[in-house]
Amino acid sequence: MRIIKNFFHNINDLIVVAIILVAAAILIYWRLDIILDYPEQVLDKQNTSTVVDDIDSTDGAVTPEKITPTEEEPEQEEEKPDVEEPAIAAGSVFKDGKLKKDTTVEIEGGSATVAANSLVESNFFEDYEQYSVAVKSFDRKPENIRAGTYSFREGTSLEKVISAITF
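In short: position in the sequence shown from 1, add 809, done, that's my numbering.
In case anyone wonders, no lab produced these hints; they're calculated from the structure.
Among the hints, a few may not be true.
[Stated by the list, open to error] SDA-like mimics (lysine to any residue), calculated; alpha carbons at most 25 Å apart, straight line: (1) Lys945 to Arg955; (2) Lys910 to Ala973; (3) Lys904 to Phe947; (4) Lys904 to Gly964; (5) Lys945 to Arg962; (6) Lys907 to Ser941; (7) Lys909 to Glu935; (8) Lys907 to Glu952; (9) Lys950 to Ala973; (10) Lys950 to Asp846; (11) Lys909 to Tyr937; (12) Lys907 to Ser931; (13) Lys950 to Val914; (14) Lys945 to Thr958; (15) Lys909 to Ser931; (16) Lys945 to Gly919; (17) Lys907 to Pro951; (18) Lys904 to Glu935; (19) Lys950 to Val851.
[What the hints assert, rightly or not] Okay, the calculated beta carbon distance ranges per label pair: (20) Val851 to Val831: 26 to 34 Å; (21) Met810 to Tyr838: 35 to 43 Å; (22) Arg811 to Leu841: 42 to 50 Å; (23) Val923 to Phe816: 53 to 61 Å; (24) Gly964 to Ala834: 50 to 58 Å.
Owing to the predicted nature of the structure, the values given are computational and were not obtained by experimental measurement.
C-beta atoms are modelled at their ideal positions from N, C-alpha and C, and glycine is treated no differently.
When you get a sec, could you build the whole thing from the sequences and use the hints?
Here is the structure:
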């Protein structure tokens, strides 16, 4: 009887440690997707503020407007105004394809639909379908929307807004 008592007394601590380790392993495995997504959420929060200036920015950075166009690009640029402004519908914050006033929008993370609804609530678009058509017209994917807070100046074009909020 004494041998059995000593055996259980000696192994009792090891059993408790094993139970704690198994419980911790189960919790980590169960929530692994959230743990792995956390660094991306931290990066998104650090890079949430973006200001898009109009063409006359003086910061010295090389922007698409400051790059010397090649021979093919002027033809494309001449076609864009005819194609983009009448064909692409936008929300009430736009007039003739440009923002009416300085505007800030906070795009929520999550699915593309949730993020696009942030734009709908800010009157950038009337619904998700209108957002999707506008993004696709600039050769981008609607699901590639970035979460964050964006500030746009008056006169910023729809194309610049879409290029700032999508990747």
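Evaluated hints:
Of the pairs offered as hints, the one joining Lys945 and Arg955 holds, with about 15 Å between alpha carbons and a cut-off of 25 Å not exceeded. The hinted pair formed by Lys910 and Ala973 meets the criterion: a straight-line CA distance of about 17 Å does not exceed 25 Å. At most 25 Å may separate the alpha-carbon atoms for a hinted pair to count; Lys904 and Phe947 meet this at roughly 18 Å. Under the criterion of a C-alpha separation no larger than 25 Å, the hint pairing Lys904 with Gly964 is consistent with the structure, at around 9 Å.
For a cut-off of 25 Å, the pair hint linking Lys945 to Arg962 stands: about 23 Å separates their Cα positions. Pair hint Lys907 plus Ser941 holds up; C-alpha atoms about 18 Å apart against a cutoff of 25 Å. A C-alpha spacing of about 16 Å is found between Lys909 and Glu935, which places the hinted pair at or below 25 Å, so the restraint holds. Using a Cα cut-off of 25 Å, the hinted pair Lys907 and Glu952 holds, with the two alpha carbons roughly 23 Å apart.
For the proposed pair Lys950 and Ala973, the alpha carbon gap of about 13 Å is at most 25 Å, so the pair holds. For a cut-off of 25 Å, the pair hint linking Lys950 to Asp846 stands: about 22 Å separates their Cα positions. Distance check on the hinted pair: Lys909 and Tyr937 sit about 21 Å apart at the alpha-carbon level, within 25 Å; holds. As the CA atoms of Lys907 and Ser931 are separated by approximately 15 Å, the hinted pair is consistent with the 25 Å bound.
Simply put, Lys950 and Val914 have alpha-carbon atoms about 20 Å apart, close enough for the 25 Å limit, and the pair holds. Only pairs whose Cα atoms come within 25 Å are accepted, and Lys945 paired with Thr958 is accepted, the gap being roughly 22 Å. For a cut-off of 25 Å, the pair hint linking Lys909 to Ser931 stands: about 13 Å separates their Cα positions. With a C-alpha separation of about 20 Å, the suggested pair Lys945 and Gly919 falls inside the 25 Å cut-off, and the hint holds.
Under the criterion of a C-alpha separation no larger than 25 Å, the hint pairing Lys907 with Pro951 is consistent with the structure, at around 20 Å. About 14 Å separates the Cα atoms of Lys904 and Glu935, which keeps this hinted pair within 25 Å; it holds. A hinted pair counts as satisfied when its Cα atoms are at most 25 Å apart, and Lys950 with Val851 qualifies at roughly 24 Å. Evaluation of the 26 to 34 Å hint for Val851 and Val831 yields a pass: the beta carbon distance comes to about 30 Å.
At roughly 41 Å, the beta-carbon separation of Met810 and Tyr838 lies within the given 35 to 43 Å, and the hint holds. In this structure the hint that Arg811 and Leu841 lie 42 to 50 Å apart at CB holds, the actual value being about 46 Å. For Val923 and Phe816, the hinted distance range of 53 to 61 Å is satisfied, since their beta carbons lie about 58 Å from each other. Range check, Gly964 to Ala834: about 56 Å between beta-carbon atoms, so the 50 to 58 Å window is met.
Of the numbered hints stated above, none is contradicted by the structure.
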